[in-house]
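Trainee: Protein sequences appear in the order of chains A and B.
Going by numbering that gives the first Met the number 0, the residue at position 31 of the first sequence is 30; the numbering climbs one at a time, nothing skipped.
Going by numbering that gives the first Met the number 0, the residue at position 80 of the second sequence is 79; the numbering climbs one at a time, nothing skipped.
Treat the hints with care, since some could be wrong.
Anything over 10 Å on all C-beta distances counts as not near chain A; from chain B, calculated [said to hold, decoys possible]:
1) 89
2) 130
3) 198
4) 215
5) 217
Cβ-to-Cβ under 7 Å is the rule here; a few derived chain A residues that face chain B [to be verified]:
6) 71
7) 72
8) 78
Read the hints as simulated data drawn from the structure, not as lab findings.
Every residue gets a Cβ at the ideal spot worked out from N, C-alpha and C, and that includes glycine.
Chain by chain, the residues run as shown.
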Amino acid sequence: MNEPAAPHPGENVEYRVAHLRDRLAAEELGELGVRAEMRAGAVVVTGTVPSAQCRETVLRTVHEELSGLSVHTDVVVAETATPDHAEELP
Amino acid sequence: MIRVAAVGDIHMGLESQGLLRPAFDTLPDCADLLLLAGDLTRHGTPEEARVVAREVRGLAVPVVAVLGNHDHHDEQPGKVAALLEDAGVRVLEGEGTVVECAGTRVGVAGTKGFGGGFVGRSAGEFGEPLMKEFVRYSRRCADGLRAALEELDRQGCAIRVALTHFSPVADTLAGEPPEIYPFLGSYLLAEAIDTAGADLSVHGHAHAGTEHGMTAGGVRVRNVAQPVIRRAFNVYHLHAG
């Protein structure tokens, strides 16, 4: 992976993160559950999405929108297994 | 003993068909009914609603749902609800339904609910018309839930469940940024539940929240958003009386 370029002097990364969140919500994903936060000079993107296709789209959008920034992602697909036990509510 | 299966925030899109059906087909082995706690679609389009409808059509247990904010995004919630009802789902908004489970009358009262926040940190019905309408809408949802729970009591339900999309308590939001709590729920829902009484409160909406909480009046609350429970659904065993 190439070393990310430093943000341009004076560039406000916070607004780029905000625009990423707007784009995730507005485009085909309608995704409000992915969190993007600044942490120690990098953008950390986390969340659970409903399908593998959604995950690919989120990651592609993140890398387009945050091009040139250091980005860490931990986006997982919702699990669909049957529960192995119930909770008793006496 | 009544076995209640529940999940919310399944966010089905056009590529989602069949993801949940294998698990839903096991429901008769472990549950008496399935509750869907809103955000069943991504944008609330009829096409997405048809995916959800096909996913639950013909299940061997009754299915009761409320819509979520995503199901309103395309501004056709009536159409979304109608498509689900056509597939046999009972969709609730400010009303209740009674399900007979092994001789026990189980009542489910539902509303999408809305935001506004929690006691001491909540929006007030004051100022601009939009702000007042925000709070009034949340209050109408809560009033509908209370009236539905009270009606289920009059109908002799041995067990009553409050089904919402937005959260009635802050407990189950733990993990979400505190700054957005007012967009995730309202204490008005909990006040309605505590006033009318219920055996369990089930909601979704807060993907990064936690499963367990309780209202001030002692009603157990469960956040069943799929990202929280990390399963196709969870099952709760309730005991009448």
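Trainee: Take the hints in turn and mark each one as holding or not.
Mentor: Outcome of the hint check:
no.: 1; hint: 89; result: 22 Å, holds
no.: 2; hint: 130; result: 22 Å, holds
no.: 3; hint: 198; result: 8 Å, violated
no.: 4; hint: 215; result: 18 Å, holds
no.: 5; hint: 217; result: 12 Å, holds
no.: 6; hint: 71; result: 17 Å, violated
no.: 7; hint: 72; result: 16 Å, violated
no.: 8; hint: 78; result: 5 Å, holds
When held up to the earlier numbered hints, the structure conflicts with 3, 6 and 7 and fits the remainder.
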